[in-house]
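Q: Now for the letters of each chain:
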Amino acid sequence: MRASLVQIRASRGWPKLGLREVWRFRDLAYFFAWRDIKVRYKQTLFGGAWAIIQPLVLMVVFTFVFGTVLSVETPPGVPKPLFYYAGLVPWTLFATSLTAASDSLSANSSLVQKIYFPRLILPLSSVGAGLLDFVIALSFLFVMTFIYGTGISLNVVWLPLLTLLALLTAIAVGLWLSALNARYRDVRYVIPFLITVLLFVTPLFTPSSQVPESIRPFYFLNPMAGVVEGFRWALIDAAPRPGPVTLLSAAIMLLLLIGGLFYFRSAERSFADVI
Amino acid sequence: MSEGLSKRYRLGTAAHTYGRLSESLSNAFSAPFRWVRRSSIASPNAESLWALKDVSFDVNVGQTVGIIGRNGAGKTTLLKLLSRITEPTEGRALLRGRVGSLLEVGTGFHPELTGRENVYLNGAILGMSRATIKKRFDEIVEFSEMGRFLETPVKRYSSGMQVRLAFAVAAHLEPEILIVDEVLAVGDVAFQRKSLGKMGSVASEGRTVLFVSHNMGTIARLCETGMWLDEGRVKAHGPMDEVVGKYLAASAQGTSHFLVEDPTQAPGDDDVKLRSVAIKNGQGNASTYLDSRFPIYIEMEYSVLRRTVGLRTGFRLLSSDGTVIFTTRDNDGADLPAVEQDRGTFTSRCEIPGNLLKGGQYHVTVIADRPYVKVIFHVESAVSFWVESTQRIYEQNRVGVIAPELKWTIQRKDLPDAHGKS
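Which chain is which? The protein sequence lines are F and H, in order. Under this note's numbering, think of the first position of the first sequence as 1, with each following residue one higher. Under this note's numbering, think of the first position of the second sequence as 1, with each following residue one higher.
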């Protein structure tokens, strides 16, 4: 093994992303995710079933409020419960991951003050536990498509890409918020609020086709709009194709992600001092 | 494995100023945010504090360096810089080889996880790869002597058990440069000794160790080179014994009396505050030079501001080279249960018998704590004194740390007429 030479000095100017080092610490990322998963349902009665219970209960409520009371129009041929559940599964992944990533630094503040490792590991690995929940909820979604007999189209091959889009969006926003959270604890109050706001501008209650044509491009500035519509399309044969606006969602996500990485790295210099 | 021949540290400074990064941002937003209190204490320049200032030194491969200094001298800051937890504001350091740092035992332990799981987690946090931990797992468990409790969640461990497990993991790190903060002060004595032995063997294997401790005896035993930091600057750097000697002499300033002048600066917590420490001779007079034949009295005066339980005072007696001669506590021998003390001012007085100490300079480190709960104050070399050896001349040159006058009896075992029988 060659002895490595490390230089310690004040960094100036644009931060380096240091992704190579993040890769070297991948075992640590694995263990952080593993810890979160192990701990997540310790001392709970229902354990992993919570991953299904939450979206399922919301599905029932949505179906009743929007489907029955408000009679929101959903695409023809798509059963209402399935329509809502298929949107809620990626949404839950996004919301859990965003919360976990934003809290990741302050939740591990004692580590940040005592141990060196690339700080990016924390928000990146924090999405692991939510991902497991997602897999559980998703497998139930497949069961539901069989129950309703809607059949799965070939579009399902896009599912991993859409999941990645949701995850990366959560990480991108999480990078900004976690770095801000280390310094300003206000972020803690912003996160639930932000998630509620996004909930209403994401096509969870109504399909985006209900949104006036003129506003629709703006609507898809929210990357989760593309993800949610995409999920329905990938899993339910009768659901409409989301169209090229999803690319806009992806582009916005990339912008947020790259900006988030740089902001995080530049804020990282003072994490241990201010957290 | 193979390293260069030397390590050069050219360290500048570390500023612990809040809001340095985003002064402009904080000014713009300060009103609606909660941290307004913090940033409005003073202007950024006025509150900036150099925790370390122009610290430069070289450490060669295989050296063990002990870093000493008062609280707030910058020791921990230096370790944090070297282990890359914070960035220096100015200057730079070059490290050749993998760095393992241990600033706290058990960082990252998760209470809900079992001992086994925590070994893996903690190992990864300290920088071991999954394969390394797997390979050394049995060794770690054996060292910790915690094999029976491996499947128990750590939250059910006593604090001593947690320390054992955590140190066992840390002791099996194999970096080329090991940075250790005051972490050995925890755990029971037997295990402490075992941990120190492990540290010593790390050093003897030719790896470089940087070590911070308040325990002069430990540090003097482990380290051949010493560095004394004072107010963020290097005050002395060289052979350990010399550095410790200078440090103790300077911090005690040869005074037999330690008096807290400003009560707000008094060592202690909200409940107990130290007022003064004095060395007195048999006549009750404060004195710096004492006769070795007569008892020496160490008096510690402290205020109890709130009714308190389980308070214990004590001190360590150190020789001029930093060796701890002994440690004594006010409940020694009595094994008192947690005694309640009402508010008021108290004096703890200890008698060191005559004909015990050899001639030379001694330092007294005073300590008050709640055993196993917290240290209330710990004042390194609060007072110091000289003992003038007045014993007979041939006794003065005896080998040994102390020269006690002990009781001897000589008895003849066999009776004269018992000879030759059977």
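Please keep in mind that the hints were generated in silico from the structure rather than gathered at the bench. From a predicted model like this one, the values you see are computed outputs, not experimental measurements. Each residue gets a CB set at the ideal place from its N, CA and C atoms; glycine is no exception. Mixed in with the good hints there might be a few duds.
[Claimed, not checked] Calculated cross-link-like contacts (lysine-lysine; reagent style DSS-like; alpha-carbon spacing at most 27 Å):
#1 H:K53 to H:K134
#2 F:K42 to H:K198
#3 H:K194 to H:K374
#4 H:K194 to H:K134
#5 H:K280 to H:K358
#6 F:K38 to H:K134
#7 H:K374 to H:K155
#8 H:K246 to H:K280
#9 H:K155 to F:K42
#10 H:K358 to H:K246
#11 H:K280 to H:K53
#12 H:K134 to H:K155
#13 F:K38 to H:K135
#14 F:K38 to H:K407
#15 H:K358 to H:K413
[Unchecked claim] Label pairs and their calculated CB-CB ranges:
#16 H:E174 to F:I136: 55 to 65 Å
#17 F:K42 to H:R148: 14 to 24 Å
#18 H:E112 to F:V143: 29 to 39 Å
#19 F:E213 to H:L49: 33 to 43 Å
#20 H:D138 to F:A49: 28 to 38 Å
#21 H:D138 to F:L199: 45 to 55 Å
#22 H:D342 to F:I53: 48 to 58 Å
#23 F:F146 to H:R148: 45 to 55 Å
#24 F:K38 to H:P404: 51 to 61 Å
#25 H:D138 to F:T206: 55 to 65 Å
#26 H:T132 to F:I53: 53 to 63 Å
#27 H:T132 to F:V143: 50 to 60 Å
#28 H:T132 to F:A238: 45 to 55 Å
[As the list claims (entries may be wrong)] Example chain H residues on the side facing chain F (calculated, C-beta under 7 Å, incomplete):
#29 S83
#30 R84
#31 I85
#32 A93
#33 L95
#34 E112
#35 R116
#36 A124
#37 S129
#38 R130
#39 K134
#40 H378
Q: Check the structure against each numbered hint from earlier and tell me which ones fail, lowest number first.
A: Numbers 1, 2, 11, 14, 15, 16, 19, 26, 27, 35, 39 and 40 - these are the hints that the structure violates, sorted from lowest upward.
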